[in-house]
Structures are given as structure tokens and as C-alpha cells.
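S.K.: Protein sequence lines correspond, in order, to chains A and B. Using my numbering, the first residue of the first sequence is number 1, and each one after it goes up by one. Using my numbering, the first residue of the second sequence is number 1, and each one after it goes up by one.
I should point out that these hints are in silico values taken from the structure, not numbers from a laboratory. Treat the numbers as computed from the prediction; the structure is a model and nothing was measured. Misleading hints may appear alongside valid ones.
As the list makes no split between identical chains, a pair holds if one copy fits it or if it spans any two.
[Stated by the list, open to error] Within a straight-line C-alpha distance of at most 27 Å, the following computed DSSO-like cross-link-like pairs (lysine-lysine) qualify:
no.: 1; residue 1: K111; residue 2: K281
no.: 2; residue 1: K295; residue 2: K311
no.: 3; residue 1: K111; residue 2: K377
no.: 4; residue 1: K267; residue 2: K311
no.: 5; residue 1: K44; residue 2: K200
no.: 6; residue 1: K111; residue 2: K343
no.: 7; residue 1: K204; residue 2: K267
no.: 8; residue 1: K343; residue 2: K117
no.: 9; residue 1: K311; residue 2: K200
no.: 10; residue 1: K316; residue 2: K377
no.: 11; residue 1: K200; residue 2: K37
no.: 12; residue 1: K280; residue 2: K377
no.: 13; residue 1: K311; residue 2: K44
no.: 14; residue 1: K377; residue 2: K180
no.: 15; residue 1: K200; residue 2: K280
no.: 16; residue 1: K281; residue 2: K249
no.: 17; residue 1: K23; residue 2: K280
no.: 18; residue 1: K245; residue 2: K23
no.: 19; residue 1: K281; residue 2: K200
no.: 20; residue 1: K23; residue 2: K281
no.: 21; residue 1: K343; residue 2: K377
no.: 22; residue 1: K377; residue 2: K311
no.: 23; residue 1: K281; residue 2: K377
no.: 24; residue 1: K267; residue 2: K249
no.: 25; residue 1: K343; residue 2: K406
no.: 26; residue 1: K267; residue 2: K281
no.: 27; residue 1: K245; residue 2: K316
no.: 28; residue 1: K65; residue 2: K311
no.: 29; residue 1: K200; residue 2: K316
no.: 30; residue 1: K245; residue 2: K280
Number of protein chains: 2
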Amino acid sequence: MKNVELMEKIEFYINRLGQVGLKDGIRWRCAYTKEDKAAKELFKSLIENEGLLASEDAVGNVYGKLKNSIDYTDVKKILVGSHIDTVRDGGAYDGAAGIIIGLLAVSETIKKFGAPKIPIEVIALTEEEGSRYAMSYVGSRAIVNGLMENELNSVDEDGISLKTAMLLAGYDPDNVMKAKRDDIHSYFEVHIEQGPVLEKTGNKIGIIERINGIFFIEVEIIGREDHAGTTPMNMRLDSLSAASKFMAKLPEVVAEISNSATATVGKIRVEPGSSNVVPKKTIFTIDFRDMDVDKLTRMNEAIQLELNQLKHQGFKVNCNLATSELPVDLNKELINLCEVVVKDLGLPYMRMNSGAGHDAQIFAERFPASLLFIPCKDGRSHSPVEFASNEDIAIAVEVMSGILKKLAW
Amino acid sequence: MKNVELMEKIEFYINRLGQVGLKDGIRWRCAYTKEDKAAKELFKSLIENEGLLASEDAVGNVYGKLKNSIDYTDVKKILVGSHIDTVRDGGAYDGAAGIIIGLLAVSETIKKFGAPKIPIEVIALTEEEGSRYAMSYVGSRAIVNGLMENELNSVDEDGISLKTAMLLAGYDPDNVMKAKRDDIHSYFEVHIEQGPVLEKTGNKIGIIERINGIFFIEVEIIGREDHAGTTPMNMRLDSLSAASKFMAKLPEVVAEISNSATATVGKIRVEPGSSNVVPKKTIFTIDFRDMDVDKLTRMNEAIQLELNQLKHQGFKVNCNLATSELPVDLNKELINLCEVVVKDLGLPYMRMNSGAGHDAQIFAERFPASLLFIPCKDGRSHSPVEFASNEDIAIAVEVMSGILKKLAW
């Protein structure tokens, strides 16, 4: 794809959107802030620039719709896009690349083939990351299931409820159910992989078959606080030493059940946390993911069994399975359609699973949904260094354009 | 020892001193605060109550000296005592038991045998714990070596220098060298064990032969930050996983060199510290102690060798040996003298090493010094639950009285 104009647009759109939400060198666009508003205003201007009609729904999802040359009433719509928010200190591609690819794919295809038979809407979803409120996928859940009262009452770090934040940003929380839709034909999303596999294997497109289930355990191992100098090694009940042995074994424990699973201890804290005191308490998290729900259940059992064996040595162990998001299958017909298009273009690609959660999994609850990955540098994301090349983004525009052409024209 | 009056005094003195420095249920007597001053005033009143003369030196060490029935000029003095300060949220026995045992041993012996040939001074040392300033043993170091200018300039968490704190508490920092002494015959200290060995073995007295050396390494393992869901296990450089394997192996690494050594990771922190991010950086401390300096040196090498092997896997490893306090031998003649007295009293005792640092090691640099341990409940210390029984304290008074009798009368 050597479309100079398209490449320049990608460069310009990514850079412009990437500059929104920067403050003191940190990029953070989260729900219902002025950074969020600025990003949406900018994206609406890009939509208009591409000849589409910009609008917002009741919760702040931004739409780019076709101008009414054809009456599409009573026809289900194809949605294509991703989310517009970022994590704190995030990058310029996670979410952003997806909405720009969606927008350009729609406008490029219309430019070539005129108005489609099935209407297409570009969508920039509000708040997928959950970086302000504990809940993720606010925009897609508002569309698919509607936001619930208890969700509207959840509060951020400053005690401001989602409801209040909406009000302050100019949205009426009494109207949130107006964002819910039944008229969706299908949902398409392109996202950076956020992992190293495409880059390492030289593939340009990942066609996602399944979004992995995510289980999340909070662990507390309680031993005894002792003086680091005066308590002989064999008289200790060192919670960190016990946790270390567990953590060292964790990769094996999950690999015995699934060789594609991931397991991560990302957060750890000891009490009292003094260099000359044997740690009484070690508190840590285990995030483990797999595509198979039975295997996740067995991993959960195996992890807890392993931890509970510490009780025989005198430790107290508390395990709390705080999250158990089940794996989600994406639509097989759309997967096949994507594969046909990618093959036709002669692109190196692979079918794969997603280890991260995405809006596509929310849409998949009620509608045919599809998710494609593009490579990102060193697999990095959720960081200012995250990067996808203009060339790879242009390839995704071409792929998405091909998919839309086959489906909607 | 069924001396009812002595037992009541122990009960009363321990309780009275234990109440000084309590604020909002937390006991903390640290250098040059009003809690410190209150404790010193109280201890001076106890000294007077025992018929001795109370005084303070230039840095706030409290002395209880004999009234001048005999001219002791030009005679070297025996010192007996411990420190008067506590750690933050400390107990009523660490240090406190030692100064009360010293005071009562001196007064009991004088009551029975009159004035000694060698003068004895009770001493309550200022600031052993280093809970306000990074440096420990302020009082004993002022006596043994004199405090240095750079030490006086060290600052607390609020940026107040030791010099300023002294001034505010009514001491003249220009006079600190006046606390330094050459006229010391010997130093005797009784301390709670702060470990479980005496209690578990049923011994009433531990005669310390050596104070263990303390080495302290600060470690940083740097890997790579990755998404916990999208980065396959075999493509990670997980610093916490690497640290876990090391920590799990640490007890073996030191045990291969010395079976009496201790090694403790008491403090650990990961970055970025998010449950769904593979930790890029793991920072932790290793405190390891032994009685043999060669073994400590070999342990240091073995630990760093073990850690540096992680470099072959792609990790960056930084090790900083922040502390290397060498082991200190206590005076052999005094050890033998103590043993004779303890044996004569028919007490169960053991010779042992101290895993914790004590003022006695500072005195040992220039003077004959002796350290005895008494049992404490469950080996606990540096905590409000620390406890030694009145009976065990009375035994120590009797032992110390016997030692002083043999030495000074």
C-alpha cells in the first residue's frame, strides 16, 4: 500500500490525537475529564474531515455515521472502531490506532465504492481501560447491556461517582439507557497486540479467535514477625520466604495444566517491611489467563492447593478469587471472512488468542464481533514508548476496508 | 531469689519507665525528644531513690554514681547498664530492663557489702536504636570514640540535624567530646535476648561470647515491563520471578557456608507494581549475619555470584553492600567470670552469640566489655508485646550483683 495521502493522514491523525491529554509530559485521557472531552472533540473533527457525520450518544461514545444518501432505517449497522481513552501515562496507539483505522477504512472504502448496502458506523468508545473507575468497558457495556445503577454509583479515588462525573461532563446519567442498542449487525475492532508475538513471528495481522479468560487471586500469607539477627533460620515462619518458593514454582504449576497460559505476580508487599525484621505478612496478586475455562478452573485449584500446603508449616493463608472473567469466543464466520481478506491481500498473518481484554468481548455477548491485532514495537503498551508503524496501520486500514467491502457492498 | 522488696521494685520500675514515651498507645522514646527527656528525668529519680548520685554527660547519657565516701579519683570505673531509648512502637524491656537491672544490682550489692574498692557507675545510654537518626549507638560512641562533626550533621526525617536536636534539648553540641572517657575499667550489659533460644532451651542466662557481624546488601534486579496477558511466559524478563528463585535459594546459599548464619529479605518492592504488568524492577534488601568474618565475606561473594548469574538471562543486576559491621569478640576474662558466678548460683545457662548489635560492641572497641542475655517471651522484641518476667529480671540482678561483688569488693 503506497497511498501517500493515506500514509500522511495516518501520521497526522495519530500525532494529533496523541497530543491530546498530555499534561506535564504524561498522557492520560480518562472518563469524563477535560482531556476526554478534548479527544472526543478532536475525533469528531476528524470524522467530519472524512465526510462522515459526527455525533455522541448518551454516555459519550462518539459515532461517525454515513450521510443520509440512503435510508438505512430498520437495517442493522456494522460498527468499526475501538476505544478513545488511555491508561495513566499511556501511549498514542492503544485504542487510538483502532479508531483511526476504523475511520480511514470506512472513508477509503466509500471513496472507492460509494454508499454501502449495509450501513457502517465508526465508533470511538468511551472508557475501556478502567483507569479512573474500577470498571472497564464503560462505553461498550452501555451499548450492549446498558449501565446499571450500582455501576453509576462507583467512585473514583477522589470519591466522585461515575454519575457525578457524567453530570459534570455534560451527560445526563438518567439517560444512560438511551445508549443501549439492538440494531447492531456486527462489531469490528483493530488493536495493537500489546505483546511481542506478531513482531517476533513477522506476521502483519493477528486474527483473534478467542479472548482469554482472566482469573485474579489476591493472596495473603501470614507467618511470624521475628528479629532478623536473633532468630535462627529453623525457628522462623518467614512469609516472604514461603511466598518466594511459591512464586518460583508458579510458572510450572500453570504450565502443567496449559502451556499457553500466563501467570503473573505483578504486585507484592510485605509487613512490617523492615530490612532487619522477618516479614510477618506477604500480600501479592496472581493474574492468570488462558483460553480454556476448564483449565482456568483447574489452575485456580492447583494454585490454591499449592498455597494451602503452607498451612502445614504453620502459616495462615488467605486466597480471594477476586476476578474470574471467562474466555470469550469471537464469531467464527467473521474470523473466516477476515482470513479470506488477509489471504487475498497476501499478508503474513496468524490466528491467535488475545491475552488482554477488549471491547470486542463485550459486543460478543450479544452481537457477532471480530478483533484483529497489528504488531507493536517490542510488544510494549500502556506506556509512552508504545509504537506501531504507519505502514502496519496502513495495512490494517486496507484489511478492514477489504472486510467492509465484502460485507457491506 | 525470693526478695519481695526487690520483686516489687522491679515491677514498679519497669512499669513506670514503660509508661514514659507513650503517645496514642505507641511507645517511642528517641533521641532528644521530650519523651527522651521524661525518661531520663524518671531514671534519675530512680537512681536517687537507690541512694546513688544522678548526673548526665554532655550528650545525655545518664549516670548513677556512688556518693563520695571514698576518693575514687584515678581509679578506673566499672560501668553497668544499657540504653534508655526505644524503637518506634517499641516495648518496655529492650534497653529498659538492662538499666534497671544495672541500677538494682549496684544498690543491692552496696546494701549488703558497703562501698566497693573499684567504683561502679550505673549508666543509661542515649539513643542506641537509631530510630530517629540513621546512626545507632550514639551514647556509647560518644563515650568510647567521641562523636564526629559529620555524625552531628546527620538529619532526621524532618531535616533536623542531630546538632540542632541536641541544642533544642538543652545540650551544647560543641561540648560532645567531653562525654568521651578513658577511665573505664569494664562495661557490663544485660539485655533481653530478642530471640527464642533461651526460652526454648530453658536457660535463664545467655553469656555472650561474640556479637555477630552484620552485612547488608541492597539489590536491584531489572528485567522488562510487559503486559501480563499478552506476553507469553517464555518471552518475559520478569524481575520478581527471578528474585523469587533467588530468595527461595538464599537459605541454602548461606547454610552451605555457615549453619549458624541468618539471612533475611525484610523489604521488597516491585515496579511498576501493577497486578496486570510483569514487574520490570524488583528491589530488595538482604540482611545476613554470622560470627565469622571470613564466612560473611564468602556469603557476600556467594550471594552476589548467585545474583549475577541472572545477567546471563538478560537481567541487569545491581548489588550494593551498604553495611559490613564486623563480628566483635567480648572479653574472655569477663566471660569466664560471668560463667563462674552463674554456675555458683546453679542457674541453667548457655554461652551464645548475639545476632543483634548492642552498645557492648562499641565499648569492646576500647575496654573489656561483657553482655548477658535473659529470656524474653516468644523471642519477641521491638514491639509492645515484648516481655521478660520479673523473676527472670530478678535472676539477672542477682547474677550481676554476684559479678560486681567478685570484681569490685
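S.K.: None of the hints should be skipped; say for each whether it holds.
M.R.: Each hint tested on the structure:
{"no.": "1", "hint": "K111 - K281", "in the structure": "neither (63 Å within a copy, 49 Å between copies)"}
{"no.": "2", "hint": "K295 - K311", "in the structure": "within (25 Å within a copy, 34 Å between copies)"}
{"no.": "3", "hint": "K111 - K377", "in the structure": "neither (31 Å within a copy, 83 Å between copies)"}
{"no.": "4", "hint": "K267 - K311", "in the structure": "both (22 Å within a copy, 23 Å between copies)"}
{"no.": "5", "hint": "K44 - K200", "in the structure": "neither (36 Å within a copy, 75 Å between copies)"}
{"no.": "6", "hint": "K111 - K343", "in the structure": "within (23 Å within a copy, 103 Å between copies)"}
{"no.": "7", "hint": "K204 - K267", "in the structure": "neither (33 Å within a copy, 44 Å between copies)"}
{"no.": "8", "hint": "K343 - K117", "in the structure": "within (24 Å within a copy, 104 Å between copies)"}
{"no.": "9", "hint": "K311 - K200", "in the structure": "between (43 Å within a copy, 22 Å between copies)"}
{"no.": "10", "hint": "K316 - K377", "in the structure": "between (43 Å within a copy, 21 Å between copies)"}
{"no.": "11", "hint": "K200 - K37", "in the structure": "neither (37 Å within a copy, 67 Å between copies)"}
{"no.": "12", "hint": "K280 - K377", "in the structure": "between (41 Å within a copy, 17 Å between copies)"}
{"no.": "13", "hint": "K311 - K44", "in the structure": "neither (58 Å within a copy, 49 Å between copies)"}
{"no.": "14", "hint": "K377 - K180", "in the structure": "neither (36 Å within a copy, 65 Å between copies)"}
{"no.": "15", "hint": "K200 - K280", "in the structure": "between (43 Å within a copy, 20 Å between copies)"}
{"no.": "16", "hint": "K281 - K249", "in the structure": "both (19 Å within a copy, 20 Å between copies)"}
{"no.": "17", "hint": "K23 - K280", "in the structure": "between (40 Å within a copy, 24 Å between copies)"}
{"no.": "18", "hint": "K245 - K23", "in the structure": "neither (42 Å within a copy, 40 Å between copies)"}
{"no.": "19", "hint": "K281 - K200", "in the structure": "between (40 Å within a copy, 24 Å between copies)"}
{"no.": "20", "hint": "K23 - K281", "in the structure": "between (38 Å within a copy, 26 Å between copies)"}
{"no.": "21", "hint": "K343 - K377", "in the structure": "within (24 Å within a copy, 74 Å between copies)"}
{"no.": "22", "hint": "K377 - K311", "in the structure": "between (44 Å within a copy, 23 Å between copies)"}
{"no.": "23", "hint": "K281 - K377", "in the structure": "between (39 Å within a copy, 20 Å between copies)"}
{"no.": "24", "hint": "K267 - K249", "in the structure": "both (17 Å within a copy, 21 Å between copies)"}
{"no.": "25", "hint": "K343 - K406", "in the structure": "within (14 Å within a copy, 98 Å between copies)"}
{"no.": "26", "hint": "K267 - K281", "in the structure": "both (14 Å within a copy, 11 Å between copies)"}
{"no.": "27", "hint": "K245 - K316", "in the structure": "both (16 Å within a copy, 22 Å between copies)"}
{"no.": "28", "hint": "K65 - K311", "in the structure": "neither (60 Å within a copy, 54 Å between copies)"}
{"no.": "29", "hint": "K200 - K316", "in the structure": "between (43 Å within a copy, 23 Å between copies)"}
{"no.": "30", "hint": "K245 - K280", "in the structure": "both (16 Å within a copy, 20 Å between copies)"}
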